[in-house]
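Asks: Counting along the sequence shown from 1, when you hit position 48 you're at 39 in this note's numbering, and nothing is skipped either side.
No lab work stands behind these hints, which were simulated from the structure alone.
Positions of the beta carbon are idealized from the N, C-alpha and C atoms, including for glycine.
Some hints could be false.
[Unchecked claim] Distance windows between CB atoms, simulated: (1) 11 to 70: 18 to 28 Å; (2) 76 to 9: 16 to 26 Å; (3) 43 to 18: 27 to 37 Å; (4) 18 to 48: 18 to 28 Å; (5) 74 to -6: 24 to 34 Å; (6) 43 to 81: 11 to 21 Å; (7) 71 to 42: 13 to 23 Å; (8) 75 to 14: 28 to 38 Å; (9) 26 to 61: 15 to 25 Å.
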Amino acid sequence: MAQKLRVRTITGDNQFTDAMELVGYFNISISGTWVGTVTAQRSFDGGSTWLDVATWTVNTEEYGFDPEREVWYRVGVKAAEYVSGSPIVRLSQ
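All chains should be modelled from the sequences, with the hints used to inform the complete structure.
Replies: Have a look at this one:
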């Protein structure tokens, strides 16, 4: 199976990786020098509605698991949660 990968350098509010469907285990990586709150979100309706799953205020290397199909994920900074710097967010499977 080909690896699914989304990476984005965040430079302001309301910026996210492109969404992707994830089934099973997946990785979340947040690096860089930054201040703010990074949020992982998922959608059960193809991206029309986003629900917060987790938030971070420091760099991290984590993994998650979702057993369902047709669940979409993205990682980024919501409106009014960016302060400074450039978090580099990576979502992969």
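Asks: For each hint, tell me whether it holds in the structure or not.
Replies: Okay, the hints, checked on the actual structure:
Roughly 22 Å separates the CB atoms of residue 11 and residue 70, a value that falls within the hinted 18 to 28 Å. In this structure the hint that residue 76 and residue 9 lie 16 to 26 Å apart at CB holds, the actual value being about 22 Å. One distance hint, 27 to 37 Å for the beta-carbon pair residue 43 and residue 18, is violated here, with the actual separation near 19 Å. Range check, residue 18 to residue 48: Cβ separation about 19 Å, and the 18 to 28 Å hint holds.
Roughly 32 Å separates the CB atoms of residue 74 and residue -6, a value that falls within the hinted 24 to 34 Å. The beta-carbon spacing between residue 43 and residue 81, approximately 19 Å, falls within the hinted interval of 11 to 21 Å. The hint said 13 to 23 Å for the Cβ distance between residue 71 and residue 42, and at roughly 18 Å that hint holds. Taken as a hint, the range 28 to 38 Å holds for the pair residue 75 and residue 14, whose Cβ atoms sit roughly 35 Å apart.
Checked against the hint of 15 to 25 Å, the C-beta distance between residue 26 and residue 61 comes to roughly 35 Å, which is inconsistent with it.
The earlier numbered hints that this structure contradicts are 3, 9.
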